[in-house]
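Single-letter residue listing:
2 protein chains.
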Amino acid sequence: MTYCVAICLQEGIVFLSDTRTNAGVDDIGLFRKMTIFQNKNNRLFSLLSSGNLAITQAVQEILHQGTLFEGMNLWTANSTYDAAVVVGHAIRKVKERYQQAFDEENIEFACNFLFGGQVLGERPRLFHIYSAGNFLESTQETCYLQIGEAKYGKPILDRVLNYQTPIDLATKCALISMDSTLKSNISVGLPLDLLVYEKDQFLLNKAVTIDEDNAYFKMIRNLWGQKLTEIVMSIQEPSWYLANNALSITASPSRLEPIPLVQEESLKKI
Amino acid sequence: MTYCVAICLQEGIVFLSDTRTNAGVDDIGLFRKMTIFQNKNNRLFSLLSSGNLAITQAVQEILHQGTLFEGMNLWTANSTYDAAVVVGHAIRKVKERYQQAFDEENIEFACNFLFGGQVLGERPRLFHIYSAGNFLESTQETCYLQIGEAKYGKPILDRVLNYQTPIDLATKCALISMDSTLKSNISVGLPLDLLVYEKDQFLLNKAVTIDEDNAYFKMIRNLWGQKLTEIVMSIQEPSWYLANNALSITASPSRLEPIPLVQEESLKKI
Numbered sequence: 001m002t003y004c005v006a007i008c009l010q011e012g013i014v015f016l017s018d019t020r021t022n023a024g025v026d027d028i029g030l031f032r033k034m035t036i037f038q039n040k041n042n043r044l045f046s047l048l049s050s051g052n053l054a055i056t057q058a059v060q061e062i063l064h065q066g067t068l069f070e071g072m073n074l075w076t077a078n079s080t081y082d083a084a085v086v087v088g089h090a091i092r093k094v095k096e097r098y099q100q101a102f103d104e105e106n107i108e109f110a111c112n113f114l115f116g117g118q119v120l121g122e123r124p125r126l127f128h129i130y131s132a133g134n135f136l137e138s139t140q141e142t143c144y145l146q147i148g149e150a151k152y153g154k155p156i157l158d159r160v161l162n163y164q165t166p167i168d169l170a171t172k173c174a175l176i177s178m179d180s181t182l183k184s185n186i187s188v189g190l191p192l193d194l195l196v197y198e199k200d201q202f203l204l205n206k207a208v209t210i211d212e213d214n215a216y217f218k219m220i221r222n223l224w225g226q227k228l229t230e231i232v233m234s235i236q237e238p239s240w241y242l243a244n245n246a247l248s249i250t251a252s253p254s255r256l257e258p259i260p261l262v263q264e265e266s267l268k269k270i
Numbered sequence: 271m272t273y274c275v276a277i278c279l280q281e282g283i284v285f286l287s288d289t290r291t292n293a294g295v296d297d298i299g300l301f302r303k304m305t306i307f308q309n310k311n312n313r314l315f316s317l318l319s320s321g322n323l324a325i326t327q328a329v330q331e332i333l334h335q336g337t338l339f340e341g342m343n344l345w346t347a348n349s350t351y352d353a354a355v356v357v358g359h360a361i362r363k364v365k366e367r368y369q370q371a372f373d374e375e376n377i378e379f380a381c382n383f384l385f386g387g388q389v390l391g392e393r394p395r396l397f398h399i400y401s402a403g404n405f406l407e408s409t410q411e412t413c414y415l416q417i418g419e420a421k422y423g424k425p426i427l428d429r430v431l432n433y434q435t436p437i438d439l440a441t442k443c444a445l446i447s448m449d450s451t452l453k454s455n456i457s458v459g460l461p462l463d464l465l466v467y468e469k470d471q472f473l474l475n476k477a478v479t480i481d482e483d484n485a486y487f488k489m490i491r492n493l494w495g496q497k498l499t500e501i502v503m504s505i506q507e508p509s510w511y512l513a514n515n516a517l518s519i520t521a522s523p524s525r526l527e528p529i530p531l532v533q534e535e536s537l538k539k540i
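Residue numbers (the working numbering), protein chains in the order written: chain B, 1 to 270; chain G, 271 to 540.
The set of hints was computed from the structure by calculation and includes no laboratory data.
Hints should not be assumed to be uniformly reliable.
Straight-line distance between alpha carbons at most 27 Å, and here's what the computed DSSO-like set of lysine-lysine pairs gives [stated by the list, open to error]:
hint, chain 1, residue 1, chain 2, residue 2
1, G, K497, B, K183
2, G, K469, G, K310
3, B, K227, B, K183
4, G, K453, B, K227
5, B, K218, G, K497
6, G, K488, B, K227
7, G, K488, G, K453
8, G, K310, G, K365
9, B, K40, B, K199
10, B, K227, B, K199
11, G, K497, B, K227
12, G, K469, B, K183
Predicted model, so just to flag it, every value in this text is computed and none were measured.
Given only the sequences and the hints, what does the whole structure look like? Please build it.
Have a look at this one:
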């Protein structure tokens, strides 16, 4: 399994991915799911992948080779949008190569990508690219995208993030979101690859691979669990018997029917 | 969609369910997913259901009717385990009735149940019953079970619960878990049905239907979101440049390869 999240903000883009792959529980591997494409003068892209590893590696290789689609590759595309079109074409090229064999073996052509970055002259942009090669873009209203095992880590993102969130805060949120996922799904695993891309920099000065010894992530893992438990403890517990207490759990519902109840006594009367 | 959770503790069992059903986004309905079976002298069971509503209602009806399976029904079963066997048989009876028609229409026989409670003379027990009628039981190590849209609400349960957790604290946790699910999936909806069953009572004195006006749940919804944001804010943000600071995010990884990087310059050299 995989968990990747990317957050596109006014200040730049945060990319975070785990590195665990599994083909059954008896075949666990460590593969990097993030690849960075950089020309220090005019562009930086990051590609995060989930799904069938043979497919996603093939797509990456085609992009590495600089194959031209519609006359462009990642180095010559005029915009991040056009670069996403190139990634889409690379996916379709892999699909053409293997589709018949996959059909014969009844294998699903499963892959998803997060692709984002910046080309000189435009703002940072972020896309979710599907196995058909088409894609959607994050917006100011929905500033983060996820692939893989997304649900465990979604609630915290929904609570905290918006397009104006400072990039360091968003980085912290992404790591907390990953920590929740690691805790609830053992098929997502360390180390993590983190890239914090600051707008207009085209630099890799905030890229790090985080393992179990990383002091910052260790601090988050310990503190988050502890503080979460503290809030649960700090919230008042339900009061059942004080119907006039504003916080009584039994205070309100007169217009609702009670929970359906079958009693043996009443049954016998039928 | 549905979210139901039940927690089996030393002190008793907490049952919580939402009430939203949907057959497509243009067909949203409110149906109760919890049914309680009670004989004040010797037994109390609660049944929570998810899946195809026509199936789950048919199963409930068969249980209401007191149909005998292996010579027993919910009123005569000697244990909660035997009562779960009865529920399993009721599921299989519905399956027999409709399986051919379902196959013709290519409809999946989809249903899941949480079933738990207590029969006089034994401890409270909790089961997850599958569409095949078989089931697993919660244990001291894994004291909660979920059906439906389970992932959003799982992290908080994993952090806080164990078999010795006091029942009021577990109730609060279940409501927080539901709140996270409501926030991230609009197809799970209010009102909620909550039953807190205290061991050896066979009573319904802590059963409530919670709507948007319930003071206690409103307090949880407001406080939880607010306090969660407060913890995120209170945790130190990543420090990138102080490599000697124990909390620097860049401190550790010397034994790891850097994130895969493709640079246009290096590509041209090939």
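Given the hint that K218 of chain B pairs with K497 of chain G, does the C-alpha gap stay at or below 27 Å?
-> holds, 22 Å
Note to self: Against the 27 Å threshold, does the CA-CA distance of K227 of chain B and K199 of chain B hold or violate the hint?
What the structure shows: violated, 32 Å
Check: Given the proposed pairing of K469 of chain G with K183 of chain B, does the C-alpha separation stay at or below 27 Å?
Finding: violated, 31 Å
Next pair to validate is K497 of chain G with K227 of chain B; report whether the Cα-Cα distance is within 27 Å.
Since the Cα atoms of K497 of chain G and K227 of chain B sit roughly 10 Å apart, the hinted pair holds (cutoff 27 Å).
Q. Does K453 of chain G lie within 27 Å of K488 of chain G when you go C-alpha to C-alpha?
A. Holds, at roughly 13 Å.
Quiz item: Given the hint that K227 of chain B pairs with K183 of chain B, does the C-alpha gap stay at or below 27 Å?
Solution: Given that 27 Å is the threshold and the Cα spacing comes to 15 Å, the pair holds.
Under the criterion that the straight-line Cα-Cα distance not exceed 27 Å, is the pair K40 of chain B, K199 of chain B satisfied? holds, 13 Å
Regarding the pair K497 of chain G and K183 of chain B, is the alpha-carbon distance no greater than 27 Å?
Roughly 21 Å separates the two Cα atoms, so the pair holds.
Restraint status (C-alpha distance of K488 of chain G to K227 of chain B at most 27 Å): Within the cut-off at roughly 22 Å; holds.
Is the Cα-Cα distance between K453 of chain G and K227 of chain B 27 Å or less? Holds, at roughly 21 Å.
Hey, K469 of chain G versus K310 of chain G, does the alpha-carbon distance stay inside 27 Å? Holds, at roughly 13 Å.
Check: Taking only the CA atoms, is the gap from K310 of chain G to K365 of chain G under or equal to 27 Å?
Finding: Violated, at about 32 Å.
Hint compliance for this structure: hints 8, 10 and 12 are not met, and every other hint is.
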